[in-house]
Amino acid sequence: MFSLKNVLYFQAGLGVLANIFLLFFCTFIILVHRSKPMDLISCQLPFIHIVLVLTGGDIGLTDIFESLNFDNDFKCKTSFYINRMMRGLSISITCLLSVFQAVTISPSTSLLAKFKYKLKKYMIYAFFYMWFLNLSFSSNQIFYVGAFTNVSETNQMRITKHCSLFPMNYIIRVLILIATTSRDVFLVGVMLTSSAYMVIILFRHQRQCKYLHSLSHPRLSPEEKATLTILLLVVVFVVMYWVDFIISSIAVLLWMYHPVILTVQKFVINAYPTITPLVQISSDNRIINMLTNLQSKCHKIFLKG
1 MFSLKNVLYF QAGLGVLANI FLLFFCTFII LVHRSKPMDL ISCQLPFIHI VLVLTGGDIG
61 LTDIFESLNF DNDFKCKTSF YINRMMRGLS ISITCLLSVF QAVTISPSTS LLAKFKYKLK
121 KYMIYAFFYM WFLNLSFSSN QIFYVGAFTN VSETNQMRIT KHCSLFPMNY IIRVLILIAT
181 TSRDVFLVGV MLTSSAYMVI ILFRHQRQCK YLHSLSHPRL SPEEKATLTI LLLVVVFVVM
241 YWVDFIISSI AVLLWMYHPV ILTVQKFVIN AYPTITPLVQ ISSDNRIINM LTNLQSKCHK
301 IFLKG
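Position one of the sequence shown corresponds to residue 1 (UniProt numbering), numbered consecutively onward.
Please keep in mind that the hints were generated in silico from the structure rather than gathered at the bench. Any given hint could be a false lead.
Listed below are the simulated DSS-like cross-link pairs for lysine-lysine, each with C-alpha atoms no more than 27 Å apart in a straight line [stated by the list, open to error]:
{"id": "1", "residue 1": "K116", "residue 2": "K5"}
{"id": "2", "residue 1": "K5", "residue 2": "K77"}
{"id": "3", "residue 1": "K114", "residue 2": "K5"}
{"id": "4", "residue 1": "K225", "residue 2": "K116"}
{"id": "5", "residue 1": "K36", "residue 2": "K118"}
{"id": "6", "residue 1": "K300", "residue 2": "K36"}
Predicted model, so just to flag it, every value in this text is computed and none were measured.
Please build the complete structure, drawing on both the sequences and the hints.
Structure below.
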C-alpha cells in the first residue's frame, strides 16, 4: 500500500506540473500571439485537470483544508463536489475538442464545412452550456458525502482519509448511476463517432498524398498532427474512463471499497489528466520551438558567462 501511495503522489505531482506548464503556455499564446480556435478549448483542459488532481482524494484539498478553520463536513462536500464537476467537465471538453477538430479538418464538400467559419461563436455557446450542465449535474451528490464519523452502525463507505459516502436508498443509488452513465455514454459515443470520422478523413488524405506524390510516407501537416493527438487523447480517455466506471459501479452497487482498489482507482482517474498535457506538449510544434529557442539562449548565456 505504501508503494502504491508513493506512485500516486508521483503521478499527481507530475500531472500538476505538466498541466501548469501547459496552462501557462496556452494563456501566453492566447494573450500575446495569434491563437487558433482550438486553443480556446485546449486552454481549459489543463486548468480542469489541475483542479481534478488536487481534489482527488487524500492528496488533495481535503489535506490542504486541514489547517483552515472549516467544518470537516464542509471540506468533504466542497472537495467532492468540485472533483465530480471537474470530472464531468473533463469528459465534456474532451468531447468538444474531438467534435470541433472533426469540423476543422472536414472537406469543403461535407455537411460540416458550413460550421467551420463559426467555430468561435459555437465554442462560446458550448462552453457556457458545458459549465452550466456540470455545475448543476453534480450538485445532487453532495447530500450523500460528508466527514467520516467512525461509527460502524451508519454503514458509511470511506472514499478518502477524512470523507465517506453516506447510506442512500438503493433506488436513488441506481438512479444516480443511470443518470451519470447516460451522460457519459452519450459523450463517449459522440467522441468515438467524431474520432471515426477523423480517421476516415485522414486515411483518404494519406491515400491521395501517396497517389499524387508517390511517397510511401508523406509528411504530416499540422492539422493531421493535431488530429492524431486528439485521437490519441480520446483513446486514452475512453480506456481509463471505462476502467474507472467498472470499479465505481461495482463499489457503489455493492457498497464496498477495499483500500487497495480505491488507490488503484485514484491512479486510473489521474492517468488521463497526467497523460494529456504530456501528449499535448510533445505534439505541439509551437511549444517545442519555444523550448528549443529558450535552450539555445540559455546555452549562449552560459557560454558567455
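Verification of the hints:
1. A C-alpha spacing of about 46 Å is found between K116 and K5, which places the hinted pair above 27 Å, so the restraint is violated.
2. For the proposed pair K5 and K77, the alpha carbon gap of about 23 Å is at most 27 Å, so the pair holds.
3. Pair hint K114 plus K5 does not hold up; C-alpha atoms about 50 Å apart against a cutoff of 27 Å.
4. For the proposed pair K225 and K116, the alpha carbon gap of about 19 Å is at most 27 Å, so the pair holds.
5. Our distance criterion of 27 Å between C-alpha atoms is met by K36 and K118, whose separation comes to about 13 Å.
6. With a CA separation close to 32 Å, the supplied pair K300 and K36 exceeds the 27 Å bound.
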